[in-house]
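Trainee: All chains should be modelled from the sequences, with the hints used to inform the complete structure.
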Amino acid sequence: MSNLQGTLFVVATPIGNRGDISQRAREVLAGVAVVAAEDTRHTGQLLGHYGIQARLVAVHEHNETRQVPGLIQRLQGGEDVALVSDAGTPLVSDPGYRLVTACIDAGVRVSPVPGPSAVMAALSVAGLPTDRFCFEGFLPARPGPRRKALAALASEPRTLVLLEASHRILASLGDMAEVFGGERQAVVARELTKTWETVLRGPLAALVRQVEADPDQRRGEFVVMLAGAPPAVSDDAALLAVLGPLLDELPVKRAARVAARITGAPRNRLYQLALDQKAADDGA
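Per full-length UniProt numbering, numbering through the sequence shown is continuous, rising by one, with the last residue being 284.
Hint data in this document are derived by calculation from the structure and do not stem from the laboratory. Bear in mind the structure is a predicted one, so any value in this text is a computation, not a measurement. There could be a bad hint or two in this list.
Said to hold, decoys possible - Estimated spans, in silico, between C-beta atoms of each pair: (1) GLN45 <-> PRO145: 33 to 43 Å; (2) PRO157 <-> ILE104: 30 to 40 Å; (3) ASP282 <-> GLU156: 34 to 44 Å; (4) ASP282 <-> ALA152: 33 to 43 Å; (5) VAL199 <-> HIS49: 22 to 32 Å; (6) LEU240 <-> PRO112: 50 to 60 Å; (7) PRO69 <-> PRO157: 38 to 48 Å; (8) ALA58 <-> SER124: 28 to 38 Å; (9) PRO112 <-> GLN73: 16 to 26 Å; (10) SER124 <-> SER155: 20 to 30 Å; (11) ALA152 <-> HIS49: 34 to 44 Å; (12) SER155 <-> THR198: 22 to 32 Å; (13) PRO114 <-> GLN73: 22 to 32 Å; (14) ARG109 <-> GLU178: 44 to 54 Å.
Stated by the list, open to error - Okay, derived cross-link-like pairs now, SDA-like style, lysine to any residue, Cα gap no bigger than 25 Å in a straight line: (15) LYS194 <-> GLU221; (16) LYS148 <-> LYS278; (17) LYS194 <-> LEU128; (18) LYS148 <-> SER124; (19) LYS253 <-> GLY283; (20) LYS194 <-> GLU136; (21) LYS278 <-> VAL252; (22) LYS148 <-> LYS253; (23) LYS148 <-> ARG218; (24) LYS148 <-> GLY228; (25) LYS253 <-> GLU136; (26) LYS194 <-> ARG18; (27) LYS194 <-> GLY137; (28) LYS148 <-> ARG257; (29) LYS148 <-> ARG66; (30) LYS148 <-> GLU178.
For each residue, glycine too, the CB sits at the ideal point set by N, CA and C.
Mentor: And the structure:
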């Protein structure tokens with residue numbers, strides 16, 4: 001047996017358009033002893049398209065822990081292994097973390113073969129700031145936990161990047177509009193690099209209406225990006241300048257909620273300021 005260990009190659013594959021694979025990725029996939037794939041049938045079809053014959057082993061969220069020891073043994077025996085996901089760059093909301101960390105712990109070399117990424121592709125066409133962004137992956141599936149997760153992100157100043165499934169996209173956008181405010185700028189990128197690719201841009205409220213009105217916009221795979229929260233206003237006088245016109249038109253509680261979205265200040269603080277202002281106006 002060779003004393004030389006193999007390498008785990010983490011290989012990015014196309015997110016849709018099969019022409020997006022790199023020459024190096026093709027060479028690596030053709031040359032390794034084993035390709036560890038999230039879905040062997042899907043990857044088998046992909047490799048077949050490029051004329052690559054490879055031994056495939058399934059590594060997904062349900063069996064990754066069981067598969068790691070055998071793959072480590074192969075790598076320590078001198079075989080090279082490629083790790084791929086169904087699409088894009090492995091480990092980005094996909095399996096592979098346990099295998100990569102096990103390789104690192106075992107002293108096995110891990111090497112990236114970079115390429116397509118739905119997150120980076122979406123950011124590149126969003127038209128939102130990309131110097132700083134926050135990737136949150138998939139939101140919770142159930143409405144309550146989803147809104148709670150969004151509330152925790154409401155004051156995040158960086159561009160937010162989220163993934164969503166077709167059967168939840170409309171509900172998720174509605175929750176985003178409720179939590180962040182319908183005026184928050186957002187981008188919905190659907191089916192990137194595929195035949196029916198669309199990129200919708202605008203305020204959340206308008207995007208909710210577009211997706212609701214067009215069933216086609218609820219099909220496929222989605223990356224949702226939101227502009228970061230504006231800097232919080234902290235001065236009471238500045239907060240009251242926002243609250244004043246709202247109190248002329250809305251009940252106190254709703255005025256405080258809207259002002260919180262506009263200013264980024266805590267809702268309970270704005271509610272108390274609104275009550276104080278109302279009391280002062282009534283006493284005048």
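Trainee: Starting from LYS148, check that the Cα of ARG218 is at most 25 Å away, please.
Mentor: Cα-Cα ~23 Å, so holds.
Trainee: Given the hint that LYS148 pairs with GLU178, test it: the Cα-Cα distance must not exceed 25 Å.
Mentor: 12 Å, holds
Trainee: Is LYS194 within 25 Å of LEU128, Cα to Cα?
Mentor: Given pair LYS194, LEU128 holds - Cα atoms ~22 Å apart, limit 25 Å.
Trainee: Is 44 to 54 Å right for how far apart the beta carbons of ARG109 and GLU178 are?
Mentor: 48 Å, holds
Trainee: Take the C-beta atom of ASP282 and the C-beta atom of GLU156, compute their distance, and say whether it sits inside 34 to 44 Å.
Mentor: 37 Å, holds
Trainee: Verify the proposed pairing of LYS253 with GLY283, using a straight-line Cα cut of 25 Å.
Mentor: 20 Å, holds
Trainee: Mind checking the alpha carbons of LYS148 and ARG66 for me, to see if they're no more than 25 Å apart?
Mentor: With a Cα-Cα distance of about 34 Å, the restraint between LYS148 and ARG66 is violated, given a limit of 25 Å.
Trainee: Under the criterion that the straight-line Cα-Cα distance not exceed 25 Å, is the pair LYS253, GLU136 satisfied?
Mentor: The given pair, whose Cα atoms are some 30 Å apart, is violated under the 25 Å limit.
Trainee: With 33 to 43 Å as the target window, see if ASP282 and ALA152 comply at their CB atoms.
Mentor: 36 Å, holds
Trainee: At the C-beta level, are ALA58 and SER124 separated by a distance inside 28 to 38 Å?
Mentor: 32 Å, holds
Trainee: Sort out whether LYS253 lies within 25 Å of LYS148, counting only the CA atoms.
Mentor: 20 Å, holds
Trainee: Between LEU240 and PRO112, is the Cβ distance one that fits in 50 to 60 Å?
Mentor: 53 Å, holds
Hint violations for this structure: numbers 16, 18, 25 and 29, all remaining hints satisfied.
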